Every structure is written in C-alpha cells, then in structure tokens.
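Peer 1: Sequence:
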Amino acid sequence: MDKTTKTTFYILLISGSLAILVYCFNEGISGNDFWWHIKTGEWICQNKHVPSKDIFSWYGMAHDFDWVAHEWLAEVIFWLLYHGGGKGGIFLFSLGTAMLMVLLLIWRIRQYFLNNCIVTVFYICLFCVLTSLFFYGRPHIFSFFLLYGELYCLYEFAEGHGWCLNLIPVLACLWSNLHGGSSNLSYILLLVFLVCGVREWHIGRLYSVKWSRRQLLHLLAVLILTVCAIGINPAGYKMLFYPYECMADPVAMQIISEWAAPDAKNIGGLVLYFLPILLVSFGILFGEQKVRLRDAAMMLLFLFLFFRSARFIVLFYIAAAFWAFPYGVPCRLKNIERTLEKVLVSGAEVVLLVMICMSIRNCLGTWTQGEMITNTLEKQVIEFVKEDAPSRLYNDYNYGGDLIFESIPVFIDGRADVYAQDNLLAESTSLLLLQTAGPGGLDVEALIEQYGFDAFLIEVGRPLYSYLASHEERYETLLVTEETAYFRKK
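End of the sequence shown sits at 490 in this note's numbering; the numbers just go up one at a time, nothing left out.
It should be emphasised that the hints constitute simulated quantities derived from the structure, not laboratory data.
This structure is a prediction, so every number in the text was calculated from the model and none was measured.
Heads up, some of the hints might be wrong.
[Said to hold, decoys possible] The calculated BS3-like cross-link candidates involving lysine-lysine, where the alpha carbons are at most 27 Å apart (straight line), are:
#1 Lys-379 - Lys-489
#2 Lys-386 - Lys-53
#3 Lys-53 - Lys-238
#4 Lys-39 - Lys-87
#5 Lys-386 - Lys-489
#6 Lys-48 - Lys-6
#7 Lys-87 - Lys-290
#8 Lys-386 - Lys-238
#9 Lys-87 - Lys-210
#10 Lys-39 - Lys-210
#11 Lys-39 - Lys-53
#12 Lys-87 - Lys-386
#13 Lys-379 - Lys-39
#14 Lys-48 - Lys-238
#15 Lys-490 - Lys-379
#16 Lys-386 - Lys-39
[Unchecked claim] Label pairs and their calculated CB-CB ranges:
#17 Glu-378 - Thr-436: 40 to 46 Å
#18 Ile-224 - Arg-308: 45 to 51 Å
#19 Arg-205 - Thr-436: 30 to 36 Å
#20 Asp-64 - Arg-205: 53 to 59 Å
#21 Asn-362 - Arg-488: 40 to 46 Å
#22 Met-61 - Leu-364: 53 to 59 Å
#23 Asp-454 - Gly-370: 32 to 38 Å
#24 Ile-224 - Asp-64: 33 to 39 Å
#25 Gly-86 - Ser-212: 40 to 46 Å
#26 Gly-452 - Cys-357: 56 to 62 Å
#27 Leu-270 - Tyr-207: 31 to 37 Å
#28 Ser-407 - Phe-282: 35 to 41 Å
#29 Gly-86 - Glu-378: 37 to 43 Å
Even for Gly, the Cβ is constructed at its ideal location relative to N, Cα and C.
Sequences and hints are given; from them, build the entire structure.
Peer 2: Have a look at this one:
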C-alpha cells in the first residue's frame, strides 16, 4: 500500500471517529450517579480532609456508618472543573477524554490496523459510540487511562524497555485515590504477566517465552511495590480488599443495572459488546498464527470481567489494542489510483466534515439550553422537597445523587457499598419493590415504622408508589409528576 493511501485512510479514520464522537455527545451527557460526586469534591475542598464516615444519609450519619471514599481525588477534580466551568466544563472534559482515548487506541494499533482495515474500522467506530455511554462525570474515566498506561508499560517491558515497568507503582497509587474500586487491576495485570513467563513451553498454537532471571526479579519487585503503593490513600490497605467486597455484594449486583451481566438478547448489546469481541478475538481463537500465553491470558481475564459485568466492556476494548491486533486475519486495502476512487474518498471527507460541523452546532444548542448534563429529578420536585423539609425522607435509590447535590439528606443513594451496613440496601430495595427474600413475607407498615419515615420520594410505577397511593388514610399525596411522586405520612 502506497504512502498516499495510508495517509488517506488515517485521515478518514480520525475524521470519522471525530464525527461519531461529536454526534453521540451532541445532546449532552448522562448525570447518572454524578451529582453526589460533585458534592463530595466540594465537601473535601471545604473541609480539607477526606471523610471516613457517612456525610449524606440521615440514617447513615445517625448510625455512624463507615464510608470508604475510594474516589476522593477524582471527586475533587470534578468539583474544580464544575466550580470553574459549570456543566460545560464537565461536558468538555468528558468529550475531550473520549477523543483522547480514541486517539491513543489508534496510535497503539497503528502498525497493525492496515493489515485488516475492516476490523479496525468496526473496532474504532463502535468504541466511539460506546464512549457516550461511559465517558461522563464518573471517576471510572480515570481508570480507563490508568489501565491503558499500565498495559503500555507491561508490553513495552516485554519488548525490552524495562524502565517503563518502574512507572506502574506510581500508576497504582493514583489508581487507589482516583478510582480505588478497580485499583486491584494494577497488581492483577502484573501478576498475569509474571506467571505467563515463569516457564517456556508450547502446546499447539499456544506458547510461552520464559523471562530471564533479571526480568523475573524486576517484575516481582514492581509487583511488591505496586501492592504497597495501593495502600497510599486515606483508607490505607483497606483498598486491597475493597474491590472484592463490593463485587461480592449480591444485593448491589442485583439492583444496580450497570453491574449486571451483558444481555445477548439486546440488539444494542450484540452490536456494541459481542460483535467487537468476536472481531478482535477471532485471530487469537481461530487464526493460524502462534499465540503468546500472556496475550491469551489477557483476553480471558477481560472476557471474564465483561461477562461478570457489562460495564467492563470499555476495559476490554482498551486492553484489546495491546493483545488482539497482531493476530488479525489479513484483509488489506488496495491503493487508491482511479479517478472515481479519489472522488469517492474526497466526497467521504466532505460528508464527515459536514457531519462534524452539524454536530458541533447541535452541541452549542444543547449548551445554550443548559442541558449538557441530565438530572434524574425535575427542578420543581427538588424545590418542593426543600420547602417541605422532611426529616426522615425515604427516597428512591436513583434519586439520591440529585438530592445530595441539593443538600437534602437522603436515606440511600448511589454509594451502594455504604448501605451494606445494617442490611440497609436490602431492606430499602425490599420496601421499594415490595419484595422480600425471606419466607415470612414483607410487612410494609412494620418496615416503615422501623425507620420512622415521614415522607417518600419515589418513581411513579414503583410497587411502593401503588401501595402509598392506595392507602390515602395513612399517606397524603403532595406532588405527582410524570415520573415522580412525593408522599407525606399523616
């Protein structure tokens, strides 16, 4: 393939990626589980320390609940961005980080992606669509870049650049403060690399190259330093076990949709999740080229994480840039020589430029309307609850973040791990859905009396909404909108 064709392909790929990104972001970004992060960052900046006890739930504060604020540094960064630039600052940060990650992935696979342009285009374009679902005001954005950084260091080490490995403990320290809930990956990845080079062997297409004694000692030393570095955070060495405790909570895994396993019956999931996995894994699974053990192990690790929870699909995409593309099945482009081909390519570039301009215009319209970040609760509902000022509010799980941002004490919110204490998350869910796992059934009134709720803010359509609305002698309906209902106990 000549240089002109290569350059043209790069330009089209980058232009197409930018067009998809801006289009997917032009209606703003999600505010899901975002607003309480902003409030936490504000609290830390005002109080000059990281909380170790609950500061938002009236029940949690009354019972002195412990809170591992494992994302404190990301929350401070988000607060500073929001304080300086408002919703627009968070939006630009989210879009900018998505663009940066796409460029990093293109750069990483630059030496391979012309071998199979079809897979490359699908992989990059689908990732661009996926960014609108995951690149918004949440601390996991930082985990994406830390994962990329560590994989880069590991694969550079495998190519003989040992100095890169020394950066991993620094990345691990940042990880445990920016998004400690996934910081265990920092030492898991190191351990996988170390184990995959302990012996030299081959079975069929799978083979392993043994590390030298010096390389093994280097990996082992960095692994120990990485484990130690994770402990450098306000929660200390709790962070080594914290991710496993969260993933082991069956109630949280059940009620939090983003923690759920992927659904192959969903068309969107098939296209965004399963199709790219098949495309990038095909060469390793079915090709003729020999496969390095560490690449196969990485593929299996990130497949396991993805099938455990669909939210790990972004980690799979990022990791695949390091282990999948050397095994791609060849499918090369031919040189662009004919006049018609050149006209079609020029036309495609013009179309992409027009798409980018139109999407930017739509973004500006969304910006002008102040809708860059979504809210779960309507403004009128927030104002009504503030004016009524309940002291022991029961709120829907999804409403916690918006209430916290407005300085309204909540019963429960998106910090699911906090509410594992006193079985609060399970009982709150049982009340909301009028379900119980126990054989004795659910006594709704007994549960309400147990916590002394004086008001209820829930989604219309929840089983609890129907219960409260049908018991007018006990509960007064003060406000009902299209999506939300507010009740007062008489």
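Peer 1: For each hint, tell me whether it holds in the structure or not.
Peer 2: Here is how each hint holds up against the structure:
With a C-alpha separation of about 23 Å, the suggested pairing of Lys-379 with Lys-489 holds against the 27 Å cut-off. At roughly 24 Å between alpha-carbon atoms, Lys-386 and Lys-53 fall within 27 Å of each other, so this suggested pair holds. Taking the CA atoms of Lys-53 and Lys-238, the gap is near 14 Å; set against the 27 Å cutoff, the hint holds. Taking the CA atoms of Lys-39 and Lys-87, the gap is near 14 Å; set against the 27 Å cutoff, the hint holds.
Proximity of Lys-386 to Lys-489 is assessed by CA-CA distance (about 16 Å); at most 27 Å being required, the pair is judged to hold. A hinted pair counts as satisfied when its Cα atoms are at most 27 Å apart, and Lys-48 with Lys-6 does not qualify at roughly 52 Å. Between Lys-87 and Lys-290 the alpha-carbon distance is near 49 Å, which puts this suggested pair outside the 27 Å criterion. The hinted pair formed by Lys-386 and Lys-238 fails the criterion: a straight-line CA distance of about 37 Å is larger than 27 Å.
Of the pairs offered as hints, the one joining Lys-87 and Lys-210 is violated, with about 51 Å between alpha carbons and a cut-off of 27 Å exceeded. Taken as a hint, the Lys-39 and Lys-210 pair is broken in the structure, with Cα atoms around 50 Å apart against an allowance of 27 Å. With a C-alpha separation of about 15 Å, the suggested pairing of Lys-39 with Lys-53 holds against the 27 Å cut-off. Only pairs whose Cα atoms come within 27 Å are accepted, and Lys-87 paired with Lys-386 is accepted, the gap being roughly 22 Å.
Of the supplied pair hints, the one linking Lys-379 and Lys-39 holds, its CA atoms being roughly 17 Å apart against a limit of 27 Å. With a C-alpha separation of about 21 Å, the suggested pairing of Lys-48 with Lys-238 holds against the 27 Å cut-off. Between Lys-490 and Lys-379 the CA atoms are separated by roughly 25 Å; this keeps the pair inside 27 Å, and the hint holds. For the suggested pair Lys-386 and Lys-39, the alpha carbons sit about 17 Å apart, so the restraint of at most 27 Å is met.
Our hint of 40 to 46 Å for Glu-378 and Thr-436 is violated, since their Cβ atoms are close to 31 Å apart. Hint check: Ile-224 to Arg-308, Cβ distance near 27 Å, so the stated range 45 to 51 Å is violated. The given range of 30 to 36 Å is broken by Arg-205 and Thr-436, whose C-beta atoms sit roughly 52 Å from each other. Here the CB-CB span from Asp-64 to Arg-205 is close to 57 Å, well matched to the stated 53 to 59 Å.
A hinted range of 40 to 46 Å holds for the C-beta pair Asn-362 and Arg-488, which are about 42 Å apart. Taking 53 to 59 Å as the suggested C-beta distance range, the pair Met-61 and Leu-364 does not conform, at roughly 42 Å. Look at Asp-454 against Gly-370: about 33 Å separates their beta carbons, and that is inside 32 to 38 Å. Against the hinted window of 33 to 39 Å, the Cβ-Cβ separation of Ile-224 and Asp-64 comes to about 35 Å, which satisfies the hint.
For Gly-86 and Ser-212, the hinted distance range of 40 to 46 Å is not satisfied, since their beta carbons lie about 54 Å from each other. About 57 Å separates the C-beta atoms of Gly-452 and Cys-357, a value consistent with the hinted range of 56 to 62 Å. Distance hint for Leu-270 and Tyr-207: a CB-CB separation of about 33 Å, consistent with the stated range 31 to 37 Å. Between Ser-407 and Phe-282 the C-beta distance comes to about 52 Å, which lies outside the given range of 35 to 41 Å.
Checked against the hint of 37 to 43 Å, the C-beta distance between Gly-86 and Glu-378 comes to roughly 20 Å, which is inconsistent with it.
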